[in-house]
Amino acid sequence: MRVSINIVTCFLLATAGLTNNQLLAQKANNAPTKKTAEAQSVSGLVKDAATGKPLSAISVSVEGFSAALTDDKGKFKIRVPGKSATIIFSGEGFQTKETALRGRTDLTVALFEESFNSIYDQVKLPAGDKRGTQTGLAVNSINSNGNWGRTNETTDGFLQGRAAGLNGTMRSGTPNAGAYLNIRGLNSMYTNNQPLVVVDGAIYDIGDYGSSVIGNHYTNALAMIDPKDIENVTIIKDGTSTYGTKGANGVINITTIHAKEQATKIDFAVFGGVNQAPKNLPVMESADYRVYVSDLLRTKGMTDAQIQAQPFMNDNTSNPDYYRYHNQTNWQDQVLSNSASTNYYLKVSGGDNIAKYALSLGYGSNNGVTDNTKMTKYNVRFNGDLNISSRLTAATNFSFTYYDHLIKDQGLAAKTNPLYLAQTKAPFLNTNEVDNVGNISPNRADTDIFGISNPVAVIENMFNSSKAYRFFGTIAFNYKLSSTLNLGTIVGITFDKAREQRFVPRKGVANDSLPNAIADSRLAGNVKRISNLYNETFLEYNKKFNPLHQLQIKTGLRYMNATNEQDLQIGYNSATDDFISVGTGVNTLRKVGGDIGKSAWVNYYLSANYTYNNKWFLSYNMAVDGSSRFGQDAQEGIKLGGNSFAVLPSVSAGWLVSSEKFLAGAKNLDLLKLRASFGKTGNDDLGNYTAKQAYVSQNLLGMQGLVRGNVANPQLQWETGTRFNIGADLSLFNERLTFSFDYFSNKTNKMLSYENLPTASGFLYAISNTGGMKNTGFDFSVNARLVNQRQFKWDLGLVLMKYKGTLTQLPQDIITNYGGASLLSTVGGVGPAVFYGLKSYGVFSTDAEATAANLFKMLPNGTFAPYQAGDVRYVDTNGDKVIDDRDRQNIGNPNPDYTGAVTSKISWKAFTLDFLFTFSSGNQVYNGVREALESQSGMENQLLSVNNRWRSQGQITNMPKATWGDPMGNAAFSDRFIEDGSFFRMKAVTLNYHLPLKATNLIKYISFYATGNNLLTFTKYLGYDPEFYGAESVFARGIDTGLEPISKSIVGGIRIGL
Amino acid sequence: MKSISIKKKFFVSAMVLVGLGLGISSCKKVLDKQPETFLTTGQVYRDIYDADAAIIGVYGKFMGLAKQYIVLNELRADLMQVTDNADSYMREINQHTVTTGNPYADPTPFYAVINSCNDVLKNLKIMLADNKIKQGEYDQRYSDIGALRSWIYLQLGIHWGDQVRYVTSPLETLASAKDVANYPVVTFDQLLDSLVNFTSTLPYTRPYPMGATINTGLVTNVDGSNTRRFFIDKFALLGDLNLWKGNYNKAATYYRSIMEPVLNGYDVDNANGLYNIGGDQYYQQSRQAFASVADNRDLCVGYIRFKEADQGSLIDNNTQGWRSMFARGQDNLWMQQWLWVLPFNSNFAPENPFVNMFSNSGGSYLLKPSKEAMDKWNSQTQANGFPFDARGNFTYRTLNGQPVIVKYLYNYLDASSFVPTNPLQKPGQWFLNRVSNVHLHFAEAANRDGKRKLAAALLNQGISTTFDPTPGVTGRDVTNIMNTLSEPYPYNFDARNGETPRYRGDWHRNAGIRGCARVNPAAIVGDSTLSIESSLLNEGALELAYEGHRWSDLVRISIRRNDPAILANAVFNKLSKDGNPAAAATRTKLLDRKNWYLPFK
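Protein sequence lines correspond, in order, to chains W and Y.
With the first letter of the first sequence counted as 1, position 209 gets the number 685 in the numbering used here; the numbers rise by one all the way through.
With the first letter of the second sequence counted as 1, position 409 gets the number 441 in the numbering used here; the numbers rise by one all the way through.
Next comes chain W alone, as it looks inside the complex (with noise of 0.2 Å):
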């Protein structure tokens, strides 16, 4: 019985539209034959916008009413259904344009580059291709145009700043990390915030799933794709209701190169460039180094006597260890140099009436600027149309990318993070073996008498690879059933696989302490694999009925079934730091795990747009979604053959205000256009089976047995989210002056949440949707072209765009750590996740200062300790006299109030100067490596700032004074490492000069390119650089751990064109 309810609904959804449309297809059928009564001609002069001379040979219609060119002298005629008709203008070379009658007769119209940044830019929809003009949706274009002089950037990183209500944060200054990009800010504690990304009509999985075994490595999916391969992406920051629980977070949707005509066209280029080592930071030499670690090793209680006899603070050279701790090193210089990248890419283009295709071969190695880093990526991309008959057509499009890439660990890694082993090393070791006169051996120093790694033996000998493949293939069929029905296809194939090898050596190593062994040298291997298959199979109906209505309706079924699955092995101690695979460590230290996570996805849309008239656009979307990760008892939505489905509907309007009569005597307007739209969406990222009950393995010696591992939650479902989007856009003096703005309120309810459970349940929490929450805010943009000549063209852009999550509902405050830092989540609080951590002023100065506030801490076994000059004055928030964790409060936001780009293109004959500058605005960070390097608790080498420690009573000084193990918690989380984390960055100028030769000849152009990366940086952060993205998590965000920073770049390169 649940099976044929079953079929009749999905019979019922999938084929609705279809009869519905072949009844209107029927009627439709007369309709261009029918003459409108008022049918009349308009005419009018093109001319070239920048040297005003008319053009000839434009296309100037009325869609699917009658068509035109212009003369020689750009002069043109067309019959026009009415005086509020619009018509199109296209040419080869030139934007295309839409002017809306309001009226006139006569038209003067002005046509810019191709390359123009226009409003009319086509938009690449999941109902279908249109013009910008034409939707009611919150929508950006970008037509990359093969992102040439930016070569080394991944996709992600070169969607950075592109469009307004899309922010990207750069992960780190590794190659391929790439940005973390998010449209229009949080909208979940716990699930994924990253937009849906569609590339050729298939989604195109972005998760890093797994963990890897290299300290903070991030496998990024998007640096699989060459953005020199991209020809499109569209930004649909809201209205994404049909991708259902996919959608909540926008879509990114990528297309790749077609070719667009027949003859062949070749495009061959070659690029190197240098990658800078980033500027130090300031960390004491061996003087300074010394006399710290004698105030240090005198709070341990020991002697002057006692102090005086460490080897490193003797100064007799006939001592044995004399030679050994004097030494000069800086050890930032022994990790960190210049690098080097180079790139290669040919793409070949053509084809005939038939079949086309677009062929893509790119090499390139791109090295890190920590010694002994290096990543090299081969990339082939084939993509073909077919015309198979008059109305079968088929487009396949198939990528394959291979990368190697050796790199280090990072971050939170103390024993193997060669930049912040770099930082606290102590300058007076030498990198390398030192004879008791002073012989320097060739060998590599191990790890010295304070316990920490040589960082130069990590650099040489330590070992980590991540060789990572994708294959990603759609093939699309189309079939045209008749002039306005149309049945298509899309299956997808997603095939990843990354493979990660890691050896830390023992010799020069610190080592790890297992519980029943010492690691000395350490092995591991991980495979992580992800295969996706993906189908959308729709009936698409579109139909202007006379020449005032349209409408579009595409219904339709997608599918997707994901499987990942991580293999993990590592070991320990193999026989000698040659051997190295982790199969040679002893096989009773050796430890296996894994994750297969699988989940499957059916999702039924249906897709219905109006237009009357070119200026009143509506739009119903809605889907109904199924996954396996949902419970079988949500309380949303509807159930389906015992399943649960979300049932997710939006609507969108857009008026086109400046096509109506009564803004006929607007001269200067070309467009102005309102635009609204309200719709649910929802998000499936729940963890595949969190709402199963779990029977997990548990020992018993080496027996195996099986406990409960959690409460189920069968009523687990879907997060639902609300969008509501208001938007104008204006265009003035002949787009000249464009501004886009948009007001966006998004809730999210049914938010996932850890639900705290009682004691006697045994269980510390549940997973469920008990969560709230709401995020506002605005993108803007303005685009001007300032100057506008034949020779000399400069356009200018701005994008801004704040928004402000709040929680609305939590089962209960959530505080979080994170690398060292405190977060809390809160219900009604100034952002999803603060800073909480004590609040500092200044440091005691001297013990009568110290004794009047009466301060206390309390010690480890329990006694209280009171605080005393030279330590941090927290402030007692509850005013009871104890510094603790109930002091926490408050202190820093990392959530930026503004985040944007300016663009600036400066063209100049031939040359061609573009400009790119993102900024943050008030967005907090924690500087934990600056945190280790100011804890003065140990013997790591620390920040010049530290000279500046308090010593003698009376001292006034906001560094605390150097104490060993830092009892007092001098260096605990507080705002003295909370830092104003703006920057404003000129992320990128590409200098390109364009040699177009004679069309006969082989060669048909030269282009030249010169681009500069992270030039300059304006900030006040004190550590490397303030932009990275440890992590996915919300409690990461602003968190610095310690990531390889943003490097400066310089690459030069040329294209020929044939």
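Worth flagging that the hints you see were computed from the coordinates, not collected in a lab.
Careful, some of the hints might be misleading.
[Stated by the list, open to error] Straight-line Cα separation of at most 25 Å, DSS-like style, residue types lysine-lysine; simulated pairs: (1) W/Lys1074 x Y/Lys61; (2) Y/Lys633 x W/Lys1115; (3) W/Lys1115 x Y/Lys61; (4) W/Lys983 x W/Lys832; (5) Y/Lys210 x Y/Lys633; (6) W/Lys1480 x W/Lys551.
[Unchecked claim] For each label pair, taking beta carbons as the anchor points, the in silico distance ranges come out as: (7) Y/Gln75 x W/Arg975: 26 to 36 Å; (8) W/Gln1180 x Y/Asp119: 32 to 42 Å; (9) Y/Ala617 x W/Pro1443: 19 to 29 Å; (10) W/Gln1365 x Y/Ala617: 31 to 41 Å.
Glycine included, C-beta positions come from ideal geometry on N, C-alpha and C.
Put chain Y on the given structure of chain W with help from the hints.
Relative to chain W, chain Y alone:
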């Protein structure tokens, strides 16, 4: 035209069918994805192997309670003290000033095991109903897990008093986990009633049988240990519950079942014939046997024969004498004494917590014996006149100038040098119950049941000696002495040991706890019931120190006598002797029974 339309129709139908095909399958099967790294409902409790896996899982999880169990039951009481290394949470436990967030006062880990028990109990019933397991298999497993749950609840009652939530539902869904009806709050008395009621109805009370016809996959050899003593002793639990409840005769009856091991399934080594009537094992199993003075193959305090007056001849090694029960492998001697022990193995989680707690080499040395405990041992007099109790020497030892609780460290430290054999290998055992404890509890019940002399016999010198008007005389007819056969079960013991006529009563080797420990009998002063009870309480400290019984003994006897001072004074003695300024205040506090209990978070 027509052909086109036919083609078209065909193509459309094909495409629609493809779409529908996907649609239909997706509506049903495609959305069903089963996890592969854990199991879910429907993949568990399918057959006897699943049932055994569930029991293994519960005991595996149960091992995680070892540290908290010892901290609560010993550090709250009078024999254990914190060192300078202990953190503030242990200090709070030590002086009864627990604050919120103290992990030792958090009952969640106990409830985590209870939840697993509830899940197993519920599903075993379903399995039986569905004929997935046989009645006999069900009885054994259900009783085991049911008893374990009762034992954990007893612990919760002892420490959290009147605030315990008596959860018996497996809380399978979030809705049920949030339903307050599933968390009835019970007082300690109500809890005891519920536990007695539930546990008494368990269908199977013996240990898991070995090699019987019913599947016994649970009794096996694994990683160097045999599992036969891994599982809770149900007779002991039932005895304890009734002892708490004041059902003395019932309690004694249950304890007696352990003391008659051959009848009750403790015949662990039948294959070797060691249980043949008359064998050592038969007379010694569970009977607290006397020392084997010739070769010291025993678990008693002993000296090298004929050198008893030489303090240096004390048997102090890992293979002979009283100390060896904490060090030796699972041989016959070990089996005679131990009822419930879970071993820690360095190759498997969880890590042995006791090395870190107690050892000052390779561990953090957080806890040490209190001065009060040392004084207790030092105030005893041995049969050979030495002014100490050698059990103290075996329980703690001064290593590197510090008193170290070594009971738990014999598998970790070298037998003679007392340095770790391998600092990274931390084998050890969680000692949960043994025969001495059962004898003491039997005696406690018998004493309150009016069998004071028998109680004193089991405490002091054994049945044979006590019920002999002229002990030590040879060549008598012992038919009417050396026994309590005139008493009804469970108090009828035959300890006759004579030649003409020859008697070797089952209990002829019983030496009493103190007899085996070679200390002089405890004197009976004043009211004999109270005096014997106090002596039993004190004997528990001497014999079972740090094995997790002390706090519950103090609580039980303080409640029985309605005399909170027993407990309060014990803690006061510890704190004051250790120089804790809060000693007096703590005593005052503990005079109110409410303050014995930890806050239920």
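Hint check results:
no. : hint                             : result
1   : W/Lys1074 x Y/Lys61              : holds (13 Å)
2   : Y/Lys633 x W/Lys1115             : violated (40 Å)
3   : W/Lys1115 x Y/Lys61              : holds (15 Å)
4   : W/Lys983 x W/Lys832              : violated (58 Å)
5   : Y/Lys210 x Y/Lys633              : holds (16 Å)
6   : W/Lys1480 x W/Lys551             : violated (31 Å)
7   : Y/Gln75 x W/Arg975: 26 to 36 Å   : holds (31 Å)
8   : W/Gln1180 x Y/Asp119: 32 to 42 Å : holds (34 Å)
9   : Y/Ala617 x W/Pro1443: 19 to 29 Å : holds (28 Å)
10  : W/Gln1365 x Y/Ala617: 31 to 41 Å : holds (34 Å)
The structure does not agree with the numbered hints 2, 4 and 6 stated previously, though it agrees with the rest.
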